[in-house]
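Enquirer: Listed here are the chains, written in short residue letters.
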Amino acid sequence: MAIYALRKLAFFLGAVFVASLAIFILIRAAGGNVAAIVLGKDATAEAINALAHAYGLDQPLPVQYFNWITNMLQGDLGQSFRTKESVADLVTARLSVSVPLALSGLLLGLIIAIPVGTYAARNVGKPSGAVLALISQIGIAVPVFWAGILLSVLFGVKLGWLPTGGWVDWRESPIGAIRSLVLPVLSLGLIMAAVLIRYVRSAVLDVMNQDYVRTARAVGMTRTQALLSVGLRNAALPIVTIVGLQIAELIGGTVIIEMVFSLPGLSRMILANVAAREVIVVQSTVMLIIIFVIFVNFVVDLLYGVLDPRVRNAA
Amino acid sequence: MNTTTAPTVTPRRRRRLELNASLVVGVVLTIGFLVIAIVSFFWLPSNPNIPNIKNRMLPPGTVDHWLGTDGLGRDIIAQLMVGARTSILVGAGGATISLILGTIAGLVAAAYGKIADETISRGADIMLSIPGMVTALVLAATMGSGALTTIFALTAFFTPSFTRVIRSAAMSVLQEDFITSAKLYGRGKLFILARHVIPNIAGVMIVQFTLYFAAGILTEAGLSYLGVGVTRPSISWGMMLNEAQQTVGISSPLAMWPGLAIVIVVLGLNLLGDGLRDVLDPKLKRRS
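Sequence order for the protein chains is A and B.
Here the first sequence is numbered in this note's numbering, starting from 1 and rising by one per residue.
Here the second sequence is numbered in this note's numbering, starting from 1 and rising by one per residue.
Certain hints may be false.
[As the list claims (entries may be wrong)] Derived SDA-like pairs: lysine to any residue, alpha-carbon spacing no greater than 25 angstroms straight-line:
1) A:158 - B:128
2) A:158 - A:171
3) A:8 - B:249
[Claimed, not checked] Far from chain B, by Cβ distances over 12 angstroms, these chain A residues were calculated:
4) 2
5) 4
6) 15
7) 54
8) 62
9) 79
10) 84
11) 114
12) 161
13) 223
14) 225
15) 258
16) 282
17) 287
18) 294
19) 308
[To be verified] Calculated Cβ distances over 10 angstroms to all of chain A for the following chain B residues:
20) 35
21) 62
22) 63
23) 68
24) 71
25) 72
26) 89
27) 131
28) 138
29) 180
30) 192
31) 195
32) 199
33) 203
34) 209
35) 280
FYI, nobody ran anything at the bench for these hints, they're computed from the structure.
None of these values were measured; they are calculated from a predicted model.
Every residue gets a Cβ at the ideal spot worked out from N, C-alpha and C, and that includes glycine.
Chain B on its own, in the form it takes in the complex:
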């Protein structure tokens, strides 16, 4: 392959440019996604849940239904917009609760001695070895499906990973000299954790939150596709794909839009997470 490099641009420079590009694209896609979800609360092209048989299966490009309608005549754009809302509710909800629980568990493991550390770390290892999708099926069988069950399932699979990451980040901060001086100054453990450790691992927390937000959206879509995630009147992109496959077959454009929406949003969040990692967490730069 022809890889003539301009003499002034060293590989290192190139790498930086590429990373910033990932941040910029990530920010743009994510903001677009958030804006669409917010707009859906104030304005929708039409009600996404009310069937309108005389408008059924309109092709993309129809006036008033720019992406067409589904087998029951419901507008696709309206459904996609409400689906964005569900993705945020479930994805961000699961990621936020796991972040809070994982941070508490990770900090306790890092700062409160070997027994606490062993218990929490081994517990996290066990939870990580349980397949999340299977757990979600069990939860759906016992609690019934719905957005809350899905958030609960996401929390169950994400918390152990958060715990591990927060624990190792906190441990490396706790070995720094300024922690020793804070201890010598007589500061208590809680004060040190709140004042010194959390601000220093905030970058890691933000990055992990972004990546698990994305993973949450993917998992939610999968569960709703299986019919054990959210149910109408809520709308999920995964559910739209399932309905398209059941009613009109996979080769219809109806099976394309929700998939594209998922790819764009998840890609945006992952790029944002990677871009943020390089800005906020320079130590990890080489590995990303």
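Looking at chain A on its own, in the form it has when it is part of the complex:
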């Protein structure tokens, strides 16, 4: 297990390194003169040089990369050119919106997908299974922002039960905050569920054909008992993996949903800074998100190794 964990740790560090290099090259090499972009067309050459010097942008790119990484490791993520706010503050202020949204969306997706996917697998070839497969197909085809628009037309405009957008801070009114999150979470969760149902269904289908389920049936368990006692535990492994892979999708969905419901989350902050050409803010925030996703996948891999000896021995 120790060797398996070390291998995964090495992969985690390697992935973070490669990703940081990719982000840096994409932003710096493709972006041109950062200081000139930030200051706009009318800036004088002296002003551009002064800004470039103040932020170390006049140094060679490898030095800039090294400085960025060492500063990040010390917890300094840089600051905005215009407002001078630190990236760390900008990010933490938005987490109270984005984190509950993404986590509840994922949770709702799983709560729907696990029972429905299992039911669909048990009813393959029957009309009920086919109907569920079709519903999940349609759900996959619905763009998450359109789901958001439809839900807010129904529950916000027509029924008037919930706000169609906007945000009430947790400190101001926790109930208000929850009310502004209900429709976004529902949109995200339903679309996640549509995708996850297919994976759960195929994972359970695989397990149902395994010898150990047949053995459990042979010793007298019903199909449901066999599925619950040995089947679901084994189907959990591929489902855990899929959840790890879906984290990237989940973040993409959260980005869009925050726009639909004008929530002041992380992605609106990134978009605003993309528009304002705040290179440092975008670079560091994106890097944080990527580190988070890679870290989740690292934890998923470790869990997988703990749960299933075959995996860690094969690796």
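Got chain A sorted already, so can you dock chain B onto it with the hints?
Expert: Chain B alone, transformed into the frame defined by chain A:
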């Protein structure tokens, strides 16, 4: 639930019928989509980019503007037709480039030894763990938004998945007996890949292409909705939804049509992909 099954129809038979239905519906929807996009090059009800203030906000059902007009008086059908073109350009463009790059990388990983395989597979794993939507935002910040940036972003997220699928399909072909006999006959690696492996994984390639075409359309719509995808004079369904939400509010029918178009087209392509998988790739049938 009442599930009385006619004694002659076994569950297996039923399953086959259902699968063929998915292929048929998929083919019909996809052909309709392609035809509309092709027609848009030769004929449009009116120019979708020129505002016409006296015709603004016409309701659906108006003569000459069957789905109505938007807040600037531009015809909705004309915009939807040009939007179909953009979906194909960006979706199919991204899927095609990723298919080519992914096939090359996947074949190299499968056939050229452990070091090549480890490098390519781990590289693909790393790229898969980077959220695509976030990468697209970064690209839009540096390269500027537009159809080309969107295709580039799609290529960046789809290539690693293609690589994985092609690699594993190629590996299973490479273990077949006829490959061994081709090697014993003295055939080189490139010849074996081109002559034996590619034809045998063509089914997988076609299926994956269809599914990523659909995923590309969804992603493009999302990016254009965020305002970092295609921009006018190109028209995208995602952009139409964004404009509808900004100008006339979400409860207008203007926010319905582009969404419906996306759902129908993506559903059609996904059904086509699933249907094709069952025809072209019988081994995967049970899992689909």
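Enquirer: Against chain B, does residue 294 of chain A hold up as non-interface, every C-beta pair farther apart than 12 angstroms?
Expert: violated (5 angstroms)
Enquirer: For the pair supplied as a hint, residue 158 of chain A and residue 171 of chain A, confirm whether the alpha-carbon distance does not exceed 25 angstroms.
Expert: Answer violated: residue 158 of chain A to residue 171 of chain A is near 29 angstroms, above 25 angstroms.
Enquirer: Sort out whether residue 128 of chain B lies within 25 angstroms of residue 158 of chain A, counting only the CA atoms.
Expert: violated (40 angstroms)
Enquirer: Does residue 114 of chain A clear chain B by more than 12 angstroms, comparing its Cβ with all Cβ atoms of that chain?
Expert: holds (18 angstroms)
Enquirer: Would the non-interface assignment of residue 138 of chain B survive a Cβ cutoff of 10 angstroms against chain A?
Expert: Violated: least Cβ distance 6 angstroms, not greater than 10 angstroms.
Enquirer: Taking the minimum C-beta separation from residue 62 of chain B to chain A, is that value above 10 angstroms?
Expert: holds (22 angstroms)
Enquirer: If we take the beta carbon of residue 54 of chain A, is the closest beta carbon in chain B still more than 12 angstroms away?
Expert: holds (21 angstroms)
Enquirer: Regarding the assertion that residue 2 of chain A does not contact chain B, is the least Cβ-Cβ distance greater than 12 angstroms?
Expert: The claim holds: residue 2 of chain A sits with its nearest Cβ about 21 angstroms from chain B, beyond 12 angstroms.
Enquirer: Decide, holds or violated, for the assertion that all CB atoms of chain A are farther than 10 angstroms from the CB of residue 68 of chain B.
Expert: Non-interface label on residue 68 of chain B holds, nearest chain A Cβ at 17 angstroms vs cutoff 10 angstroms.
Enquirer: If I take the minimum Cβ distance from residue 35 of chain B to any residue of chain A, is it greater than 10 angstroms?
Expert: Label holds. Min Cβ-Cβ 19 angstroms, cutoff 10 angstroms.
Enquirer: Does the claim that residue 72 of chain B lies outside the interface with chain A hold up, using a Cβ gap greater than 10 angstroms?
Expert: Correct as stated: the minimum Cβ-Cβ distance to chain A is 20 angstroms, above 10 angstroms.
Enquirer: Taking C-beta pairs only, is residue 131 of chain B more than 10 angstroms away from all of chain A?
Expert: violated (4 angstroms)
Violated hints for the displayed structure, listed by number in ascending order: 1, 2, 3, 6, 15, 16, 17, 18, 27, 28.
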